[in-house]
Amino acid sequence: MKALMSVGAVVGVIASLVLLGMIFGVIPASTVHLVEGYMPMQMLFELSIFVAGFTGLSYMLNSMGMTISRFWQGIGFVAFILFYLKSRIYPPIPFSVRAMYGTVTMVAVFMWMSSNEEDWKKFRQPILNVMDGLTPLHKGLRTFFLIAIPLGLWGFAYQSFVPQGAGADVDEPIELRTVHPAPPASTKVHGKTFVLQTSQNPYRANPEGKYDQEYSNKLIVEQSMGRLMQENANPWDPKAEGYLKNVREGGEIFFQNCHFCHGDNLNGRGLHAFAFNPIPANFTDPGTIAQLQETFIFWRVSKGGLGLPREGFPWASVMPPWEQHLTTDEIWKVVLFEYWHTGYYPRTWD
Amino acid sequence: MGRQNGKKIWSIMALCAMIGFLLLPVATSLNALASGGGEAPPAPAVKAEGEKKDEAKVEKGRDVYYKTEGIVSGAPAPKTVDGPRDYPRYNFESRVLLWFANQQHLYYGSFVLAVPIFCMIIEFMGVVTKDKAMAKKYDQLAYDFIKISLTAYSLTAILGGILIFTFLTLYPAFFGYLSSIFRPVMHIYALMFVAESGTLYIYYYGWDKMKEGFLKWIHLSMSVILNVIGTLLMMLANSWIGFMMSPAGVDEQGRFLGNIWHVIHTALWNPLNVHRILGNMAFGGGVVAAYAAYRFLSAKTDEERAHYDWMGYIAMALAVAFLIPLPFAGYWLMREVYAYRQQMGITLMGGLLAWLFIIQATMIGILFLSTNYYLWQALGRMRGAEKYQRYIKYLVFVLVCGFLIFITPHTMVMTPAELKAMGGQQHPVLGNYGVMSAKNGGINVIITTTVLSFIWYMRGNKEPMVPWKNFGNIFMGAFFGFAYVNIIWLAVYGYYIPANVRVGLSVPQVATTLSCLFFMTALNGFMLKGAKQMGPIEWGKISVRSQYAIIMLATAFTWMMGLMGYIRSSVRLFWHVNEIMRDNSPWAYTHTVGFAANMISFNVLFFWISILFVFWLGTLGAKKVPVNVKAHVPGRVPEPAHGH
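As they're listed, the protein sequences go chains A and B.
Take this note's numbering: the final residue in the first sequence is number 368, and no numbers are missing along the way.
Take this note's numbering: the final residue in the second sequence is number 952, and no numbers are missing along the way.
Treat the hints with care, as some may be off.
Below 30 Å or equal to it, Euclidean Cα-Cα: the simulated DSS-like pairs (lysine-lysine) are [to be verified]: (1) A:LYS210 / B:LYS368; (2) A:LYS104 / B:LYS728; (3) B:LYS695 / B:LYS849.
Read the hints as simulated data drawn from the structure, not as lab findings.
Whenever a hint applies, use it, and build me the whole structure from the sequences.
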């Protein structure tokens, strides 16, 4: 047990030093970088390493007679999580999400500390000591908190209203933006009505000309890093026919019209992307086209930002209604290309 | 002897009468189908020419859902206009009044449907248990439950009346249309209410008269009938909301096509039924547990504390037993909603109402955290449980990781400056937690951890003595380890496969979780056979924090029920009946998240104040001292069957 805890303690110390070193610039910030495609699991893994490390550290300090009290263990853990979320995760996490995570962490620490009577007594004793003012130090602390807590709250409230930044601009208010507003049941494009629940991309067809998602799924690029093309599935091969030829044509339309904003890697970082806030949709993110039916994309491309429904407020999209510039067939082909290039499958219900 | 036989005959007659009550609606429904329903009503025997004329007159319509043809047998859905004819009103928002009446009726309705099911289970446990003292204790508990339910039953009926009056007064056109569609089954519903009331009263008042021998079994079987009627009642009521969300059995104009089964059996009816039964049970258990917690906290003696600690434990165990499958039933319901209308599914989970779903996820998380916390606190009343307590921190970590993933929103709330700093709407790390694949993993991790907590609790004061205990422990540890790996792996794998396959991945994930629940609980039971007792369960010696956890659990149930009811109703947007009858009142808009939350909180507060009154009424006729098992079995501390 002791050996295991010693390993844990060593891991904990090294991990903490590396983290601090990266954040304060002692070692390169990319020493342990977040790997694209694996970041969500990496974050959980890192947190697990830290928890194991802290456990080992606490055990070793305890066995050396340098016990960290339950109170400071709890406070320290909450502080660590807040620090980790603020400083380790990039791009920065919005405050609302950090506040949620912080609250849950505090609840977790409460559950841990009060899971048995002995720990609960140890945890609350310093708080009770200060509240009871047992010694002059405790009395002083009590007075300090009596003043500092309301003052801190006032300061927090004041800061949230004061204009921030060099230009002293007042922050724009929070927007509860609906990223994927519910589509209509049907949409009319170039005089033809498409029922979104049942319509299909006419170019997602097998060599026999029948709609076949399984066939097309085998020909899309590989997911995750690289997005490599499958063998014998190169749409730019002059001999490519059928589905692959349509993908190529969709790609040509994409690079003539869409890539300026959505980027040549379809990740929403095109030439003009950063003129907009929010930047255009990132199709490589698993939360965008991978979650939607192909007809949803067809509707959004056809109608653009102007066609967003009421719940799409504040309609923060400058995408033109492409039905005014492209034919129906061209729109279907570009949708086909987007799924092919990202390696995602359109949502279906069968 | 003669008197005993007489009792038996009476009880059998009572049982036959109950069955008669149950069959009566079925008989009348056959009649209703013959006259107003059925695919092809019998044509009158007339001359051939007359038949031709009739055929010419018969208008056929196409079912909007089943796509079958049927003879138009009703008027089209009214096209309402804003005004006193279709939307008469007080000087107040009619929708809010209806919301309040509906929600209160639903709270009480759920409670009185759930409690008799508990009574049935607890009474059954009392009948089959060999320990006479425990049998008596269970019987008393079941009786206490039904007594609370009886007062609530009257309130349910009163609230039902208020609800109908509210509908008739404020939404006459809509209510008229709905009752015209459900005309063939409306009176069946009313008759079933009569049957339910009759059965309930005989069940309650006959408790003492039918407490032993064969009569007890008759009494127990009456509870089964009571619950069958209650469940059918609920399913009928569900068919109305199912019809409003996903209409069937009518044509595009909303004209009834003569097949009442199509109207009842809509796309969402069955998922709604399953979800509501489980939800009612979890909610009912939570409310009873909160009652016990309240009595525990206000108890003056150790005996009272012991009794209410035990009562709270039983109610909580029942609530959790139904809470565990509840997310899966909810998942099925949402899947069917998506399959029925993509538009509806996106409005719910990705669009307008998505933020309410985040609140819902938070509430679900709170339910499971409270449950685990209660179980950990309960370890404190057992000698020998210390060996598990030191590992609780790891369970907390795993639970919280699952919880954080479960509550991470897909659409994050942020200022435009934060949006810019993030470089897009989707966060590259946390955005992945915002989609269903990760959330399925999160909730399954939470539930599996809850199962683990329960197994620790079962083992708290016991030491397995079976010869194969080491093998059993290793097997159990490996099983849980593989379960976690499987759940997390499937959650990650879900990002790399088509959505329709991904949706199907929830099946192996759920199967993994349920395998842990059933197999590991059973294995644990076998391992604990003849186990060495480290000490008795000291009922009443539990921290007060545990009781607050129970109250938290019950409040979270109530709040979540209000929230989910609101979400389910709001998803129709500006339709009374989806795509059939438009809501043209001035309130056909979706409330803001803040207003909805305040309204739900008000409903929750009102329910808890009124149910406290019901509890108080229940105590008026109660014995002051609960059954003291110690007096019957010296040296034995009361505990439920199997020690838990």
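Ascending list of hint numbers which this structure does not respect: none
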